[in-house]
Amino acid sequence: MEPSAKTNLGKSSTSSNYNDYHVNNDEENQHWSYAMQLASSSVLPMVMQAVVELDVLEIMAEAGPGTHLSVLEIVSRIPTRNPDATAMLDRMLQLLANHSVLTCSVQPTSAVVINNSSGSSDGGRRLYGLAPVAQYFVRNKDGVSLRPLMSMLQDKVFMDSWYELKGAFVDGGIPFNRVHGTHAFAYCGKDPRFNDVFNKAMCDHTNIVIRKILESYKGFEQLKHLVDVGGGLGVALNIITSKYPSIKGINFDLPHVIQHAPTYPGVEHVGGDMFVSVPKGDAIFMKVRPILAI
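Everything in the sequence shown is counted per this note's numbering, starting at 1 for the first residue and increasing by one.
Note that these hints are calculated values from the structure, not bench results.
Treat the numbers as computed from the prediction; the structure is a model and nothing was measured.
Backbone N, C-alpha and C fix where the C-beta goes; we use that ideal spot for every residue, glycine too.
Heads up, a few of these hints could be off.
Beta-carbon label-pair distances, calculated as ranges [to be verified]: (1) Q259 x F169: 33 to 43 Å; (2) D273 x Q107: 29 to 39 Å; (3) S242 x R81: 15 to 25 Å; (4) F169 x Q135: 29 to 39 Å; (5) R211 x M159: 22 to 32 Å; (6) G124 x H183: 49 to 59 Å; (7) I78 x G219: 38 to 48 Å.
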């Protein structure tokens, strides 16, 4: 019986080594894939931004829920003089599909072809649809989306700040201030183009976030006077006072911001500096801006 026992032990050891090798090899491949993803991590937001600017997601949404389109169908809706536009878009959409922004399926064809210029592969053509996360980058029933926020964060004004992150760590300061000589909010008063980009991003983001808050939060019900500090163009207060008309809203922000704010029933726009003084009210409301001040 002893030789038999030794033989079984030997087989078990060999099997264990074999399995360990494959487990370790699989883990190593996963680490390698993730490392490559990190090394090329700037590609995804740049591709996403280009696709959004080309209105690709809006084109797909307009086709109807659950509809899948080929790149040829999408490109036919986009003004372009580039003969390689279809091939370029197909590669971009494949990347977004790999990151679950889009869905991708292959429609069988009678001929077996490999034609990257038309979004085709072995025996079929690729069709793309919107994955659930893509809905946040398509205008909703209120006409807003996260598209302007992404455009702001990918804007050169903000992107240049990242190149000063190391310098800020070594020498001190805030990356944005080191590049532009002032903080982000003051910079908007000096750059009309970026001010428009910033305001649009804040308006759409605020619209989405505040409506989600009001679905479950009931803390505004007993208020008579609500002050929104850094309220931008007054979008948040407009939504809140529309649901609670008894509230008098005071929208407080820098003068160069307030001057562009539209008139809303029950909302008073007040210009000033929060670091100097803030209007009084039953409650003060502040929404954290989705930007970095590192």
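Evaluation of the provided hints:
no.	hint	in the structure
1	Q259 x F169: 33 to 43 Å	holds (37 Å)
2	D273 x Q107: 29 to 39 Å	violated (59 Å)
3	S242 x R81: 15 to 25 Å	violated (46 Å)
4	F169 x Q135: 29 to 39 Å	holds (38 Å)
5	R211 x M159: 22 to 32 Å	holds (29 Å)
6	G124 x H183: 49 to 59 Å	holds (53 Å)
7	I78 x G219: 38 to 48 Å	holds (46 Å)
The earlier numbered hints that this structure contradicts are 2 and 3.
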